[in-house]
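J.: So the chains spell out like this:
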Amino acid sequence: MNPNATIMPEVTPAPPLLNVRDLSVTFCTAAGPLPALEAVSLAIRPGETLAVVGESGSGKSVLALALMGLLPPAARIEATEMSFGGTELTAIAQAARRRLRGRDMAMIFQEPATALNPVRRIGDQLVEAILLHDPMPLARARDRAVAALAATRIPDAEIRAQAYPHELSGGMRQRALIAMALIHRPRLLIADEPTTALDVTVQAQILDLIRDLANETGTATIFITHDMGVVAEMADRVAVLYAGRLVETAAAADLFDCPEHPYTLGLMGSLPELTPRGRPLLSIAGTVPDLRSLPSGCHFHPRCPFADSRCVQEQPRMRFLESTRAVACHHAPLMTMLGSMP
Amino acid sequence: QTTINLGRTTDADRYDPHRSTALAAAEVLYMMGDTLVTLSHDLLTIEPALAKSWDISEDGLTYTFQLKEGVTYCDGRPFTAQDVVGNMERWLTPDGPYVSRWKAGDVESVTAPDNLTVVYKLKSPNSGLLFQMAQFNFIMIDPQQAASLGEDFGVTAFNGTGPFCFDSWAPNDSLVLTRHEAYDWGTPALGNTGPAQVDRIVWKIIPEEATLAASLQAGEIDASYSLPAWSIAQFAADPTIELFQPIASFRTHYVGMKTSRPFMEDVRVRTAVSHAIDQAAIAEAIFFGTVEPTFSYYAETALDFDPATDTSAFTYNPDSSRALLEEAGFTMGADGFWEKDGQRLTLTYYGFNTSREQAEAIQGDLRKAGIDLQVELYDSTAIWAKLREQTYDLFQMDYPYLNAGDALNLYFGSGSIPSPNRMMWNDPETDRLLAAGNAAINDDARAEAFKALGRRLHEAVLWKPLLLEKPTVAAGSRLQPFQPAGISGAAFGNGLNLAIK
Amino acid sequence: MTDVQMADSGGRVWRPAVVIPLGILIAIAAAAMLAPLLTAFDPYETELRQRLRPPGEGNLLGTDSQGRDLLTRLLYGTRTTLMIGFAGTLFGAALGLTIGLCAAFYRRLDMILMRVIDVFLSFPSILFGLSLAAMLGPGLDSLIFAVGLSVMPGIARISRGAALSIMAQDYMAGGKVIGLPDRLLLTRYLLANAYPPILTYTMLAFGDAILLAATLGFLGLGLQPPTAELGSIAAEGRSFLFIAPHVSTAASALIFAIVLSANMLGDALRDAGDRRAT
Amino acid sequence: MTNTLLRRLGVSIVVLLGVLLIGFTMLQVIPADPAVAIAGPQGTEEEVEAIRRHLGLDQPAPVQFVYYLQRIAAGDMGRSVINNAPVFDELLRALGPTIELMAVAMLWSVPVGLTFGILAALNRGGVLDRIVMAVSVMGVSVPVFWVGLLMIQLAVQTRAFPIQGRGGPLWTWDGLSHIVLPATALGLILVGPVARMTRTALAEALYADHVRTARAKGASEGRVVVHHALRTALLPIVTLIGLQVGTLMGGAVVTETIFSWPGVGRLAVGAIVAGDYPMAQGAIVFLATAFILVNVLVDILNELADPRIRSRT
Amino acid sequence: MTLLEVEGVSREFRLRNGLFGPAHVLKALDGVDLKLDAGETLALVGESGCGKSTLGRIVAGLDKPSAGGLRVNNRPALRGRERARQIQIVFQDPFGSLNPSMTVGALIAEPAILHGLVERRWAGERVRSLLERVGLRPELATRYPHALSGGQRQRVALARALAAEPEMIVADEAVSALDVSVQAQIANLLREIQTETRIGLLFISHGLSLVRHISDRVAVMYLGRIVEQGPTESVFDTPRHPYTRALLAATPRPLPRSKMSSKTVEGEVPSPLAIPTGCGFRTRCAHATDICAKRRPHLEDMPHSAACWRAGELPPPAVEELQAPPRLSSALELYRRAAEGRVKLAEGMTP
Ligand SMILES: Nc1ncnc2c1ncn2[C@@H]1O[C@H](COP(=O)(O)OP(=O)(O)OP(=O)(O)O)[C@@H](O)[C@H]1O
Ligand SMILES: Nc1ncnc2c1ncn2[C@@H]1O[C@H](COP(=O)(O)OP(=O)(O)OP(=O)(O)O)[C@@H](O)[C@H]1O
Ligand SMILES: [Mg+2]
Ligand SMILES: [Mg+2]
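Protein chains in written order, with the working numbering: chain W, 16 to 357; chain H, 33 to 533; chain P, 3 to 280; chain D, -18 to 294; chain R, 21 to 371.
Keep in mind that the hints were calculated from the coordinates and are not lab data. Glycine included, each C-beta is placed from N, C-alpha and C at the ideal position. Hints may contain errors.
What the hints assert, rightly or not - Simulated pairs of lysine-lysine, BS3-like, Cα-Cα distance not exceeding 27 Å:
no.	chain 1	residue 1	chain 2	residue 2
1	R	Lys84	P	Lys178
2	H	Lys155	H	Lys84
3	P	Lys178	R	Lys55
4	H	Lys100	H	Lys84
5	H	Lys100	H	Lys153
6	H	Lys400	H	Lys372
7	R	Lys47	R	Lys314
8	R	Lys314	P	Lys178
9	R	Lys84	R	Lys47
Claimed, not checked - Covered stretches of chain P (in silico footprint by chain R; criterion: 3 or more residues with CB under 8 Å from a CB of chain R, positions within the stretch not fixed):
no.	segment
10	81 to 90
11	175 to 183
All chains, please: the whole structure from these sequences, using the hints.
T.: So, in structure tokens, the structure goes:
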């Protein structure tokens, strides 16, 4: 095994809540195996917010579902370690895993319109979530559900609890989902692009809410997004995925100061905000590769302006540049390597 | 309470002797009502029924019936001569929706001088009248009820003098009859004179033949005579099921030939067609030997059949068929079919879809003989309308009759063109002989006329006789053996002989 | 099209679930077409004294009620049955497709066309077929017509549904925006993309059509003799089910094989479609 | 809600009128002539004409249709031209047994179809899936009459159940035992379609987003399938069953004949074939109405079950 | 030169429930005025459901306005095929915007052949040049759309629009569904084509940052009305309508902890079935007063105008210019040069 690619150095004494080492997910598809995730390692501490970024199809959702244990049966999961609060997730029974879900680890999904059961009232869906882990009289569960809705600043929570999902606006549905995810004060919250379906003004409200509630409950958050603006808004640390591989992890501040991986750099360059008006945007050439036939060596090399023959042949390993910063690039640290160039 | 379940495949449209022609109606009507006279089991002798005696005037025009005393309807009302008058008046209403009126003869008047005497006057003699009077159309209904019920008579209720009374009817499902307790006026010659030996008779409609047969095996019905031939052959070997047949019962299957069609007007062609059909094989194979092949239009045992009739045209003889067609100017075409003047010998055949196998067999026989038969089969309700379109050369049918006179009267007179004389047989000599036979006032004169007519018609080859069918009653082990009736093919007769072991 | 050629055909359609029922159907159809080569018997040659012989030497599947070789009758019967199923479904599908597509494309017609379809749909299909067959008299063309009209409403509904979902796609608007005439929009755009579910349903309707024909045979409205037709053979043979079960059973088995294959093929095609969509 | 219902019924009446017109037109053209049939093989021209006048069949077809509509509007479905029985009463009498037969057939076949479909969906692509689907499709692939007669033969040999007729009300043993065979034969038609639809709908629902949410809440797999996936999958299944009622009616025609079941199907076939157009027309209207009502009911059920549809008003 | 004039266009949808149901009126557009010059990019921004697509469809001739009209080149807009020659549209959904049963080549050739711009036998040539124009390899002509990536599809859609040689293109969220890296490619391409051909571009988007980058003028829509309109710089630097301000404030920006002020707007966009009286935004506006409920504000007739009664009284907005950090800037510069092929790492130059 690669000795470098695993353990995050211990900066703070608090042990990681979630520690994942070499997580790989492969889908068995009609057209052959599809490696959606390859040797992904990450750790998150209580109270911390880790943003996972990457383009569409890079494996963000697969990662989230793998952590939750919700991948479809066609997925094959392998990991050296996947421990949550000291429990090894791969070792425990399905039932035990299920008991963790919703209570200790919860998830918010991308599409509020479809993630709620269309034929049941919002309140009942919350009550179900409550009773699954915390048996109590129905009346009390109802009260708790309403309280949870109110906590997400849904106006008239009492009345809204009686509504069906389609009777609510997108923002309210997303709030209901958040209420549902946070109802047992989970130790880990996974939010998979929770705001992409929403308008910016509503998105701003929701982002605020997630941040506040997670802070209140001391919940660790994995925040999945493809929007660098949202990352900047939410994250303590950032992990960048490309074609199912982790290419860079860094503290948010560091990443925005200067990314180390050419892919991350390219992403930044594509942002109109960072490009002066009138100049063409800096775009990454080419397209995301097909996971069934990944390029050799560094998967990014066909699109990378800095690629050389080594990148074609050898797959770069995750290397630590600083204690909080790891990059999978042969050329890292980029600036040092390239800074001297004319 | 004893109940006998009788199975059959079809129901009647209504139970009204003046408005029904179907066997399905007749078989029930015989149980619910009586005729003035009836026939012995061999169908040769007239027996008293509601009339205990009768006189026929010298000129054969006036019939005087003396009715039995003490006869009552199911509702208890006494049956009188006025009721007979009422029956006849109803049936013979000019332009009324009533059927088979020719059976009544050319009626001058029917009157009741007293309660027990009926005088039946004809305009012209009718030698077959008493035989016809045994038919179910002459079953005495309650004319008052008929008048008051109108269209519903025979549908919602029926008041008769028979051994059984109408209880309820669910069309196409079941009909329930209950015993007529007062009944004791049965005809001694036919066995039990009454009352009936079971409390109830239930007629069940089981449209699917195979189910009907299975129901008998399963004991869900006690007896039936509308069983498919294959099952009768099978039941013959089944110890739990007994088979009975009437002494005499006449039902002949035939193929009629329309003499007004281009090819068929030539008697040689008709004879060739006749020679090409192997009725023996049909009887043996299609009917599993439960019927007999026949070579005459009506049974040789029927009254007034002339043994001297030439039936040679009706044998199976492919060689003569060929010879006749050659003689008629046909040549064998390359496709294996005869042709004349460039026209293929193609004939159109109408039949019932219930007789599909027969039709296919005939088609197969004719094909072997080089005659192309276009078969068109229709449902029994559609075929009559189709036949009226007059586009057939051949048609297949079967019919019940009592004797030669009955058979001849039905079909061959020019007055019956186009229906029921579907052969379009227009022959003055036939009409003359028919009139002579009907007008005969003694048996010999009648027999002579009908025998002569029979010979003439057989020579003309208007039909190809196929089969002579007698109903076979199959009864389960619960039923006591009995002698089935022969009249009209209604084998259970009036039901007086049905009893449980 | 222009000089632009077709390239890859997309998802894997030739899977066993498709190939096996299709193979069976093709085999049956081929056997029916080649009937004269496969059998030495004449399908119309009756031999009454040889009737209802059980399967065995001489006649592989025995003989029918007229003493004809049953296998031969079945082969020729399959011809007719496939003909009825095929022509009937084709006729019904053409009509239903036209109605369905037009209802989806010309929204103003939708209301009235769909009510017409509702009328046909509410008409119990067997009574519909029965009335039609009785009305037109027995015969191949009337049977095909009856069968076609009874599969039509289902196909019209499915077509409309499929077309409506295509209508909602941007490329329909795209076609309109480049100025395509309705004729091309209806065919090249709408039909070309809406057909998969319709095809699937049509396979199912094909099975229904064959069974409907068989049922009409049972009700006495089948084809006139001596035409062999599987439904009629099965229906007539039912009289002898208790003494010569091979006649009805063999015909039913063949109907079963055809209908089952058509159903399986329809299902498999749908599954293939599903998979491509995801 | 009531509004939708009224609207739905309004449309249904339009549809029913269409059914009426088409039915009438077709029946008029059927060559069967009841007058000729009544007159019988020995009937003469005069007799036929008299009967025809008596039945009102001598009027031109459009006149007859107008009369017919007038009577229908007055709530009178007319009388059989064959035996003058009031059409409505006859149909009503036959409707009970048909409903009974169809209901019992559905009572066993829907659960079996559902179970098959669920099994198949949970094992999608697996061996069990293939077997279950093949078995369930068999029911729709064999002619009903063949299956029915086979069952009769078995029943005769085993003397297990009565083979013909209706024994009485369902709650009596006689009634119950009589319905076993016909209901079994009839139900076979439905198993396949229900299983197939269940499989498709459930397989889809099992991976729907909201079902994944349920899993994320920590619901057990059983609860997920029953409470969440099946609940949403039920809508298309119920709709399908509503539409299948039509097919079931068709099957009932055959089943009723085979098992001598005194229902509407047999009545209808007999009437059509006999050219008894008031009766045939009545039967068609009855069956069409039943079909339409069932589907209105299905719509209402769907509306009750699916708040999305409910609130569209 | 004015290419397109939209004059008082309204569009109402009658939502009917079945045959006899009551009709609701949905005002998707309510008196919209717009102008577009040749070679100009006008961006139309606003939140979901505010009527952007409806306007786009009307401009492209896919829908008819209930009131008002269009003028193209100072003449009333043509219909059908003629309109298709003037105006083309590119849709948002890359998966739904191309007929999946036609090859890329056939798709691109179709409008050109239809309008007689090229003979059938030369169509292949034309397809090739158009594919190259949008940066695709000509071999792609034989592929079906499902074998293409989202970005490739949008390029094909663009090529197809260009094949009709229109005078303007409506791009309805043409890049919104794409990944940022691909979005940038297409945005660059659009700009490039526009500067070359002087085509007018109506750029519909809900993403403010891209709009700011590529458009010349911006129109902000809210509930079927234009609420602010003006040159891009001016609108972004000195937004005048409270809604525009809220929109700008709510857009997260790639600055760590940029601390956007989300409190600027409460609630969500009201249903277009029940648009508030007066100013449509007043229900969410922190500055709303009585007049806002009573009377509807209109755009003034000047280059940068806002439909707000209180636009003049509002405090100047606090909009800070976003600047890439220096290290990032130089790294990006390096990347740009490398991408242009000016920098090549020497072999084996790794630590
Ligand atoms: N059930 C599945 N079966 C097969 N392949 C799958 C399945 N789920 C995901 N994949 C594949 O895994 C890869 C990663 O998908 P994933 O959904 O994680 O992407 P993502 O980063 O979340 O993208 P997006 O931003 O679009 O949500 C994709 O190529 C996808 O096709
Ligand atoms: N065909 C239609 N029938 C009824 N309502 C419609 C129709 N098309 C659009 N609408 C309604 O008109 C309003 C404006 O829709 P439009 O699609 O123009 O919005 P948009 O600004 O493009 O939104 P988005 O950003 O979500 O694409 C919406 O409320 C929509 O529901
Ligand atoms: Mg995702
Ligand atoms: Mg839009």
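J.: Would you check chain R against the segment 175 to 183 of chain P, counting CB to CB pairs closer than 8 Å, and say if three or more residues qualify?
T.: Three-residue rule met by the segment 175 to 183 of chain P, so holds; n is 8.
J.: Holds or violated: H:Lys100 and H:Lys84, Cα atoms, limit 27 Å.
T.: 5 Å, holds
J.: Below or equal to 27 Å on CA atoms is what counts here, so check R:Lys84 against R:Lys47.
T.: 14 Å, holds
J.: Given the hint that R:Lys47 pairs with R:Lys314, test it: the Cα-Cα distance must not exceed 27 Å.
T.: The hint holds at about 19 Å.
J.: Is it true that the CA of H:Lys155 sits at most 27 Å from the CA of H:Lys84?
T.: Distance ~24 Å between H:Lys155 and H:Lys84 Cα, so the pair holds.
J.: Given as covered by chain R, does the segment 81 to 90 of chain P meet the bar of three residues or more with CB within less than 8 Å?
T.: Since 0 is below three, the answer is violated.
J.: Assess, step by step, whether the Cα of H:Lys400 is no farther than 27 Å from the Cα of H:Lys372, and give holds or violated.
T.: 18 Å, holds
J.: For H:Lys100 and H:Lys153, compute the direct alpha-carbon distance and say whether it is at most 27 Å.
T.: 20 Å, holds
J.: Can you confirm whether the C-alpha distance between R:Lys314 and P:Lys178 stays at or below 27 Å?
T.: 42 Å, violated
J.: Given the hinted pair P:Lys178 and R:Lys55, is their alpha-carbon gap at most 27 Å?
T.: 24 Å, holds
J.: Under the criterion that the straight-line Cα-Cα distance not exceed 27 Å, is the pair R:Lys84, P:Lys178 satisfied?
T.: Holds, at roughly 13 Å.
Hint compliance for this structure: hints 8 and 10 are broken, all remaining hints hold.
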